[in-house]
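Residues per chain, in single letters:
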Amino acid sequence: MDNEIVLDESVVAEDQQTVVFRLAGESYGIEIFRVNEIIRLREITPVPRTEAHVRGLVNLRGKTIPVIDLRSRFSLPTAEETDSSRIIVVDSESGQIGVVVDAVTEVLTLQGEQIDKTPTLVSDPDNQFVRAVAKTNDRLITLLDLDFALAA
Amino acid sequence: MSAELDMSQYTDLFLQEGEEQIEILEQELLKLESDPSDERMQIIFRAAHTLKGSSRAMGFSHFAELTHEMENVLDQLRNHTIAVTTHIANSLLACVDTLAGMMDSIRAGEGDAAECADLVKCLQDILAGQGIGGGLSIASEVVSGGGCGLPFPTQVPEDLHDALEAAKEADSVYHVQFRLADDCVMKFVRAFMAVSIAQEAGEILVCCPDQEVLEEEQFDKDFELVFTSETEFEELKAKFDGIGEVEAYEFGVWGELKSAPVTDKPKLEVIESEDVLPAQSVVAPSSAAQSASSGTARKGDSGQTVRVDVARLDNLMNLVGELVIDRTRIAQIGADLALRYSDRQVDDLGETVSHIARITSDLQDQIMKARMLPIETVFNRFPRVVRDLAQKLNKEIKLDLIGGETELDRSVIEVIGDPLLHILRNSVDHGVEMPDEREQVGKPRSGTVTVSAKHQENHIVIEIRDDGKGINTERVKQKAVEAGLVTADAAAKLSDKEALQFIFHSGLSTAAEVSEVSGRGVGMDIVRSNIQKLGGLIDLESIVGEGTRFSLRLPLTLAIIRGLLVNVAETVFVLPLGSVVETLLIENKEIQHINQKEVVVIRGVTTPLVRMREVFGIQGDYKTPDSFYVVIVGLAEQRIGLIVDRLVGEQEVVIKSLSRFCGDVPGVSGATILGDGNVALIADINGIVKNDRG
Numbered sequence: 088m089d090n091e092i093v094l095d096e097s098v099v100a101e102d103q104q105t106v107v108f109r110l111a112g113e114s115y116g117i118e119i120f121r122v123n124e125i126i127r128l129r130e131i132t133p134v135p136r137t138e139a140h141v142r143g144l145v146n147l148r149g150k151t152i153p154v155i156d157l158r159s160r161f162s163l164p165t166a167e168e169t170d171s172s173r174i175i176v177v178d179s180e181s182g183q184i185g186v187v188v189d190a191v192t193e194v195l196t197l198q199g200e201q202i203d204k205t206p207t208l209v210s211d212p213d214n215q216f217v218r219a220v221a222k223t224n225d226r227l228i229t230l231l232d233l234d235f236a237l238a239a
Numbered sequence: 076m077s078a079e080l081d082m083s084q085y086t087d088l089f090l091q092e093g094e095e096q097i098e099i100l101e102q103e104l105l106k107l108e109s110d111p112s113d114e115r116m117q118i119i120f121r122a123a124h125t126l127k128g129s130s131r132a133m134g135f136s137h138f139a140e141l142t143h144e145m146e147n148v149l150d151q152l153r154n155h156t157i158a159v160t161t162h163i164a165n166s167l168l169a170c171v172d173t174l175a176g177m178m179d180s181i182r183a184g185e186g187d188a189a190e191c192a193d194l195v196k197c198l199q200d201i202l203a204g205q206g207i208g209g210g211l212s213i214a215s216e217v218v219s220g221g222g223c224g225l226p227f228p229t230q231v232p233e234d235l236h237d238a239l240e241a242a243k244e245a246d247s248v249y250h251v252q253f254r255l256a257d258d259c260v261m262k263f264v265r266a267f268m269a270v271s272i273a274q275e276a277g278e279i280l281v282c283c284p285d286q287e288v289l290e291e292e293q294f295d296k297d298f299e300l301v302f303t304s305e306t307e308f309e310e311l312k313a314k315f316d317g318i319g320e321v322e323a324y325e326f327g328v329w330g331e332l333k334s335a336p337v338t339d340k341p342k343l344e345v346i347e348s349e350d351v352l353p354a355q356s357v358v359a360p361s362s363a364a365q366s367a368s369s370g371t372a373r374k375g376d377s378g379q380t381v382r383v384d385v386a387r388l389d390n391l392m393n394l395v396g397e398l399v400i401d402r403t404r405i406a407q408i409g410a411d412l413a414l415r416y417s418d419r420q421v422d423d424l425g426e427t428v429s430h431i432a433r434i435t436s437d438l439q440d441q442i443m444k445a446r447m448l449p450i451e452t453v454f455n456r457f458p459r460v461v462r463d464l465a466q467k468l469n470k471e472i473k474l475d476l477i478g479g480e481t482e483l484d485r486s487v488i489e490v491i492g493d494p495l496l497h498i499l500r501n502s503v504d505h506g507v508e509m510p511d512e513r514e515q516v517g518k519p520r521s522g523t524v525t526v527s528a529k530h531q532e533n534h535i536v537i538e539i540r541d542d543g544k545g546i547n548t549e550r551v552k553q554k555a556v557e558a559g560l561v562t563a564d565a566a567a568k569l570s571d572k573e574a575l576q577f578i579f580h581s582g583l584s585t586a587a588e589v590s591e592v593s594g595r596g597v598g599m600d601i602v603r604s605n606i607q608k609l610g611g612l613i614d615l616e617s618i619v620g621e622g623t624r625f626s627l628r629l630p631l632t633l634a635i636i637r638g639l640l641v642n643v644a645e646t647v648f649v650l651p652l653g654s655v656v657e658t659l660l661i662e663n664k665e666i667q668h669i670n671q672k673e674v675v676v677i678r679g680v681t682t683p684l685v686r687m688r689e690v691f692g693i694q695g696d697y698k699t700p701d702s703f704y705v706v707i708v709g710l711a712e713q714r715i716g717l718i719v720d721r722l723v724g725e726q727e728v729v730i731k732s733l734s735r736f737c738g739d740v741p742g743v744s745g746a747t748i749l750g751d752g753n754v755a756l757i758a759d760i761n762g763i764v765k766n767d768r769g
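So the sequences go chain by chain: A and B. Quick note, the working numbering runs 87 ahead of the 1-based positions in the first sequence. Quick note, the working numbering runs 75 ahead of the 1-based positions in the second sequence.
The set of hints was computed from the structure by calculation and includes no laboratory data. Misleading hints may appear alongside valid ones.
[Claimed, not checked] Partial chain B-side listing against chain A, Cβ under 10 Å, derived:
1) Leu105
2) Glu397
3) Gly692
4) Ser734
5) Arg735
6) Gly738
7) Val740
8) Ala746
9) Leu749
10) Val754
All C-beta atoms in this analysis are idealised placements derived from N, C-alpha and C, irrespective of residue type, glycine included.
The following block holds chain B by itself, in its conformation from the complex (with noise of 0.2 Å):
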């Protein structure tokens, strides 16, 4: 066991662990204020109690510091010494930022650095603010010794007991035992931090079971050390305190444990009967409450679960997408020689083929589950966000999430949470009326946001609703004429619809005054064009008075989508299904002209037109039929007709990003490939269309 050990592996589970509790720490946190029950402030602190063990034993003293200060007051919480105020939470809520933040600095190996004196100091008030000294810390620190079946026999071979008796006479010798806990996740490196110690102190003399063993973990829990030093016994008694998950452990001179050195059988026998016992009744209290607790937890756990790193699902999935690719090419290859021969061979083949692509279906099926999470990962920040606007804005406001367990790719979960929380922001900022204000239009002082989402064929849709006051369509018209978006004439024969989506356009924001939350106008835009890369749509809805609701309709996944497959000149378009909205034919004499642009009126709606072929530049004799298809596509609230040459079929596509040698090709926002082998490109519907507008 070197030194320089690799503690990369270490760092990963810690941070993975400490992320866990973090996020544990901040939901129970937030429900504490509306129901801090027993059962509730167990948990927290034990979630405190764990970040501060692990993150000691990694040496990260920072965060072990914050941690602690943090459990001494939600110790004192715990036992109703001091009551749960919204200072109190505010203060613990700044610290699980801080924590956070030190997560990240550590992940990107900066270590723990962070300034936490401040939030110390305000934890340390808070405990002096009831007449608890701040230093005053728990016993819940590493027990020593004391009935916990140690010391144990020990391991030390007897032939090298007389070369120690004679090494005493040179040094001091001292023989150190430890116990782990029996939740002890990181056995190696509680083992490394001893064989650390004692190798700095002085020079290691005997280690059993052997370093090898312990390295690889193949120890049960116990392990000693004997080491020669010339350091102080209490000054290496506290190093060896800083070591967590160690249920129990003795320290002394060689020799003077009382086990050791064990040569009598008979005491043997009865210290091992005694080692036998169940260790619980005499373990200190916290640490049993949390090895019991969490232990079985992580059982019940890891019986049916696996963690699987990210990007090898990534993989998993592109690869899939191959196979698909290859099912497609296989299929059309199987139904051109049933075109061609008629024998039981080519049946056969059909029939594998069949069988084959329904086996990919499966199992690009399963892997896409897999790869799904519950929106609940992005919901689960709003909770906060929103107690801490309304609280810098002093409205009440009561957050409902619903559908929290849908499920979606983790690809869209990565992206949507920004846009999310942006229109959350704004229906608390902008949405929902002063307490006051409320009263007295006769509506409960506290306003209601609602997040819900919910599936919708190969959709995900998310609203966010608030009960608010509802957008003033004429304040927007006004707003728009001001920003000279639109001509005043123009704006007065707006339907409110039309009026509204000025909302997403660029500087433009109808609070009165800018906020430090939103209100400066740049948001909604960006969120806008967020959602359509996504190949989502966003739509909104409000009446004045009763409220605001937004809701965005969304793939479940970015890998693979259904596309239109279009012929332009001579080229494969496909044309992702879920911008599609219809497909007509048109006759030529059916476009009309606005400002020199092309439109058609389909059902009293006129509808602008792109031709493909324009937008891609494609030159060549091209003769204007008599009709036309177009595919009418909706982006956002929007509706454009693109003339296409010819519509080929609708067909499941993995998309492939154009290659960098490329570079950002207008119009284009990826390749595939399809059933035959070639190549066909992706239209960007967003990039198409403002193309069109510049």
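Looking at chain A on its own, in the form it has when it is part of the complex (with noise of 0.2 Å):
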């Protein structure tokens, strides 16, 4: 039996591959089994007398789903749209969202030692969102918790 390949859960669950933007000059990345596709920004349109961070309903092939501006969300001051503005399309409790975001800059893959997941941030109520933060050799990347992200 010594030759039984046993898998080490401790690492796999903890490598994972990661979609990871920019939003107002910080890297923020989201597990990328909740991703279904990067689009190009394309034309938003407002639902009135709903929260501020909704921008409003695009069309995705046929089916209309919500958008919803990450910078408002998390408080942050608003930005132009430019070029490299995408809408990154994630699967939710209520269906597809999409998440405004200033630029998608790459998928990384993630090792289970360069994730600390219990950084100072995490306990600070003003940032319930992030679950985790990985160090690369360059950065910090914030890895949000996408549901409570996305909790109205």
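The task is to assemble the complex, starting from two chains supplied on their own in separate frames and drawing on the hints.
The following block contains the structure:
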């Protein structure tokens, strides 16, 4: 039985592919399995009398999906949209939702040891949407708790 | 074939078939009192019999027991040993209700357990009252043996015969041969039941044809089993007796059935030639009648129609919806290209686009039609309700149903039943007078309630009319004043038509006493709001002494609507065209104020105005122009004017729900995608008006 491959669950669970995007100069990450697709910014129809961070609805191949503004959600200053602005379409409890970000930079495979699950940041009530922080060679990536960030 | 066979497929079939039979039972029982013809008796009896057979096959014993008792009574009625009375009709109808209830719980996966002992007792009393023993059952049971071409030559391979003989030494070896009825719907279920009985009793030695073949229903109607068992012959026979849809079966100890084992060629031929003969003459009469008639009916049906899952139709409708959106888009792109370039290819594109547009519209029409159901499906509930109500109230009422064949989308069918029923109850309860009262005013003793449906443009118009006493508008006004809905002065000035609108107000009922039926004043407001939710209009007219008429105008479908596109700030909103009455250009100076609310007088009618910008809380610098567009919308009997920035056009739009993420947005009922690919919001006229009032 020595040659049986034993899966070290802690390593497997932590080893994850992450979509990294930029928002107000900082890097954030979402697990790749939550991401449906990434589309260019397109005309967003505002829905009146919804919360400020709900930008409105977009047409995703014949479906209408709501789009939220993460800058507004995280109380970051608003910015002009640029050519690199994108909508990341993610799965959520209430169906597909689009998330507007400044730019999508890369897809990273993060090793378990790169992820710090208990940075002091996480315990700060203002930062409840932070799931963990990952350190790469050159920078820090805030891994988002998507469900918390999308909760109305 | 495993014992934990997935029965759900057969349960569905049972439910589907059962529902049809229950409906037939109810429809025909209702007509029975006025017209107890032999033919009708036969139909009713057959329906009950079919239900009994299939429920027993599925192992729903309560269901089977009740239908069995019904069958007993029906048989006596059929044979004219007892006559149809209101009591009998009531009891049978109550049974139908209980059966329908059982169907519901079976569908919910809770089995058929329901309290029906009282009903069974009641039916037995009916029989006993005629000096017929309650327990006496009629000979509609499964027939056994006796010249039905059974036993047939056994299919058990000869090389096994010796082994079977040997097995007999140790245990009892039984041999059973089945021949299923010609119209047996669930052949596999029958076979499965037989196999499980044998399995439970002991061990199956031979199954011909193979169990897999049985499972796939790849056999004609004959099958046989050889099995060992320690169970008594009689006990097993009783179990086999319970299998439905069997034309005949033979059961005995192995080697003792007349046919088996077959080794003698000439004998085999003789039996086979018998076998080829049509079995009609030898089948028990009741099942022969049933198989003949239901068999032909089923054949006729299957050639013409296909059952399609509703979800599949919905899906198809969604796909066509997306096609409609893309069609509009392509048309727009084509038009843009034509403006920019002029060469043959662009012309070709234009032609192709218009062809595609035509095909898409046809496709949409066809699918819409496929989803259409006759309104009869709703109307069918009415006779029963009116009958029961009339009996309870001691009124005499004739119900006329007109235009039951009028078709409309099943999405609408699903939701209009209750509102219609409510209005109908009201007409019977409050509208039509007591027979004596009617006689005094020179009307026929029996009142008439007419429900009619017809198509009008893209709508369906349903009318419910009674020839009763009409609505006393003075009483309505008085009630409205008492309820504090209006001041006495204002009430006095109201026209009759305006006063009638209070009927739709919650908390108002003109019935002097609250009856069990209606009169609590909670209904008409719900009726109205339900109709409005559908984008429909409801209107009523009433003449004292002559009667009342409700008329409902409903869209034919809820999936695709024609809409008027308007601009409010930079956003496009779609107003359902069904609610749009007219559009006007109004000068600023025409606006007047009443109670600090803006109104405009259009052809003598004061119409309140609502600014769409305010409704949707759209801010921004907006200078009121000298003149602006007003879209007059009709909400039920009301008219209000919506102030919009610009009129864009008219278009067919596919309704998409707002994402749950957005929650309930006041004033918006859904979203759609326009020809340019952008999303537009569909305005909820009902919500806007409510918002304006509140």
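Here is what the structure says about each hint:
1. Leu105: violated (46 Å)
2. Glu397: holds (4 Å)
3. Gly692: This interface hint holds because 6 Å falls under the 10 Å limit.
4. Ser734: Check passed: Cβ of Ser734 (chain B) comes within 4 Å of chain A, closer than 10 Å.
5. Arg735: holds (4 Å)
6. Gly738: holds (7 Å)
7. Val740: holds (6 Å)
8. Ala746: holds (5 Å)
9. Leu749: Result: holds, 9 Å to nearest chain A Cβ.
10. Val754: holds (4 Å)
Violated hints amount to a single one, hint 1; each of the other numbered hints is respected by the structure.
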